[in-house]
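*Asks:* Those protein sequences? They're chains A and B, same order as listed. By my numbering, the letter at position 339 of the first sequence is numbered 339, and the numbering carries on one by one without gaps. By my numbering, the letter at position 244 of the second sequence is numbered 244, and the numbering carries on one by one without gaps.
Take these hints with a grain of salt, some might be off.
Stated by the list, open to error - Just a sample of chain A residues kept apart from chain B, beta carbon distances all over 10 Å, derived:
1) Ser-167
2) Ile-168
3) Ala-175
4) Asp-176
5) Leu-182
6) Leu-184
7) Tyr-191
8) Leu-197
9) Thr-293
10) Trp-343
11) Ile-346
What the hints assert, rightly or not - Capping the alpha-carbon separation at 35 Å, the derived lysine-lysine pairs in DSBU-like fashion look like this:
12) Lys-32/B with Lys-189/B
13) Lys-225/A with Lys-32/B
14) Lys-285/B with Lys-129/A
15) Lys-113/B with Lys-129/A
16) Lys-285/B with Lys-225/A
17) Lys-129/A with Lys-189/B
18) Lys-32/B with Lys-129/A
19) Lys-285/B with Lys-163/B
20) Lys-163/B with Lys-129/A
21) Lys-32/B with Lys-113/B
22) Lys-189/B with Lys-163/B
No lab work stands behind these hints, which were simulated from the structure alone. All residues carry an ideal CB built from backbone N, CA and C; glycine is no exception.
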Amino acid sequence: MAGVQMRPAGDFRTGYGRDTTIFDDRASFLTVVILIAIAACAPLLLSGYGLNLMIQIGYLGIAALGLNILVGFTGQISIGHSVFFGFGAFASVFIHQRTGIPVFFCIPLAGCFTAAIGLIFGIPAARIKGLYLAIATLAAQFILQDFFARASWFTGGVAGTLADPVSIFGYQLIADQTYFYLVLAYVVVMYVLAANLMRTRDGRALIAVRDHYLSAEIMGVNLTKYRILSFGISSFYAGIGGALYAHYLGFVSVEAFTILFSIQFLGMIIIGGLGSIMGTLMGTAFMVLLPETMDAIGRALTDTPIDTALSLRSNIAFLQEMAIGLAIVLFLIFEPDGLAHRWRQIKAYWKLYPFSY
Amino acid sequence: MDFFFLLQLLIVGTIVGTLYGVVAMSFVLIYKASHVVNFAQGEFLLIGAWVCWWFLTEFQLPFVFGFLFTLVFMMIFGMLLQVLVLRPMIGEPVISVIMVTIGLSLFFQALMKWIFGTTAEPFPPIFESRYVELFGIINIQSVYIMSIVVSGLIMLSFAWFFKYSRTGLAMRATAFDQQAAQSMGVSVKQVFAMAWAISAMVSAVAGVVMGVVNGVSHALAFIGIKVFPAVILGGLDSVVGAVIGGLIIGLLEAVSQFIDVELGLGMNLYQVAPFYALIIILMFKPYGLFGTRDIERI
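This is chain A alone, in the form it adopts within the complex (with noise of 0.2 Å):
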């Protein structure tokens, strides 16, 4: 066991460096390192369809962090992420369409101008909080929504428009296989990012204001400032994740960005864990398998007496929908903490093992 430090009952910390590392020991870093590894594999070990779920938990995690980032660390709630996701989509297809700068560099361009976008439309946030907030980011989503059908030269229009595959070089990433690496590569770095985010000044300000935002103005923490910053954040992973999402399926249509998709985004963070980085993938992942679930039990019950009953088989997406709303209420009255917290309470358990606390 060398090199692997051994803590068997509680933490002895004796500094404050101590307490902001993001990895505890060794162990923990080499376990993070492995699965790493692991997931760099994947195209060599899943299938295609399996390796369509993994990208697709890639960069819906990514927009997922951002929302995490304003909801569970600055608590103001928004459920208008999508409207922010799909305009990083069709931001970063109307850069390469319209200056012709290489699709590899959009996908971060696009992510600073919904940061942009996100700025204005988090101007409300300086002024009310809570549920009043939660109302503007509703306007928002419609208003954006509506944006989108209107403004053909810009979206392509209610036809949607379509998105160059990803190159670099000359080299073009068409194939799921090379694709998940550039998806895998930004979700390591945007979930870095976001992990040393809350070891700075800025991120302690943003948590510090959604504990007690008045004792935190008392403090020095500029409100106004870190709150409409917390939008742009979020905005910016938002985007980031949009553009990934629209040079993968290579067409982006407005139909895609409803209220229906901000509600899932807030079921992925809440089932992961309100305030969790690790907790936000795992809540991806939750909610991208979910429905691949209910649609493999559809099928196995295909032409049994249940199946024709019910009709299941042909209501699937209805029954998806209800999976997922479902989810979120038993989730908030059994499990509040999220996925992240019955991972650290495993955690704690392998720990202490013999014994119970």
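Guided by the hints, dock chain B onto chain A, whose structure is given.
*Replies:* The following block gives chain B in isolation, referenced to the frame of chain A:
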């Protein structure tokens, strides 16, 4: 400029606006009593309308009985929802409570689509003549007249209920100060359940009226979202404000529909206009016309 068309639109806008007002009122009722923002208000309309339609078509009940059964059903439904889902959420942060109601709205909307399908179904006819002539110039559907009468009745009974009935008094007391009300012998739990039951019933009435006018479909649930501009405009905790806000939003829709047609913008401007109004209200007068300003003590 077609002034006749504008007049027609304004009348319809007023009538739809009063219905928004009724739904906004039942929204405010829940908010005032239990400080829960109910994003599933539109689904109450939807469920009420579908259940009533089901009673009328499946069992061939006369309208009055089907309607009464619907009200009983919605009362039980609202109460159960409060006890099973919202009671465990007491004391949780605002975000969680909002999310629970969003989850509920998603669940019930999909459930209704699963059970009743996605196509709009017409109600069996209730009135003899479909049109009534007004002032000799304008034809108005008789269901619109009925809807105005029903909305007026609901508003009056709300006023009476809060002013003179014991339960209404208990509700006002709870809304004002939960702890004080509880120490004076008011069962806060009962009041919460009552608020949800009444709100569900009243929304269902609006749902049935809308269903009689336009047919029942999942589009009814969208009224639950239209309620937000109305409620914010009037003030989140003001019943009178809800009615006025609903009217203003109804008229705003009518005017923007007129502009849309006149200028040939060709899009659903009237669907989005309330949300622009919402953003403007929130920027300049976040507590609405009649809402109480939050004062926080440190």
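*Asks:* Is the nearest CB of chain B more than 10 Å from the CB of Leu-197/A?
*Replies:* At about 20 Å from chain B, Leu-197/A clears the 10 Å cut-off, so the statement holds.
*Asks:* Could you grab the alpha-carbon distance between Lys-285/B and Lys-129/A and see if it respects the 35 Å cut-off?
*Replies:* Holds, because 14 Å separates the two Cα atoms, which is no more than 35 Å.
*Asks:* Would Ser-167/A pass as off the interface with chain B, using Cβ distances and a cut of 10 Å?
*Replies:* 36 Å, holds
*Asks:* Hey, Lys-163/B versus Lys-129/A, does the alpha-carbon distance stay inside 35 Å?
*Replies:* Roughly 32 Å between the alpha carbons, so the hint for Lys-163/B and Lys-129/A holds.
*Asks:* Within 35 Å, alpha carbon to alpha carbon, are Lys-189/B and Lys-163/B?
*Replies:* 21 Å, holds
*Asks:* Starting from Lys-285/B, check that the Cα of Lys-163/B is at most 35 Å away, please.
*Replies:* Judged against 35 Å, a Cα distance of about 29 Å means the pair holds.
*Asks:* For Ile-168/A, is the shortest CB-to-CB distance to chain B above 10 Å, so the non-interface label stands?
*Replies:* 39 Å, holds
*Asks:* Are the Cα positions of Lys-32/B and Lys-129/A separated by 35 Å at most?
*Replies:* Given pair Lys-32/B, Lys-129/A holds - Cα atoms ~18 Å apart, limit 35 Å.
*Asks:* Far enough from chain B: is every CB of that chain over 10 Å from the CB of Asp-176/A?
*Replies:* The claim holds: Asp-176/A sits with its nearest Cβ about 30 Å from chain B, beyond 10 Å.
*Asks:* Within a Cα-Cα threshold of 35 Å, do Lys-129/A and Lys-189/B meet the stated pairing?
*Replies:* Holds, at roughly 28 Å.
*Asks:* Sort out whether Lys-189/B lies within 35 Å of Lys-32/B, counting only the CA atoms.
*Replies:* 14 Å, holds
*Asks:* Should the label of Tyr-191/A as a non-interface residue stand, given a Cβ cut-off of 10 Å to chain B?
*Replies:* Fine: 23 Å to the nearest Cβ keeps Tyr-191/A off the interface.
Checked against the numbered hints listed earlier, the structure breaks none of them; every hint is satisfied.
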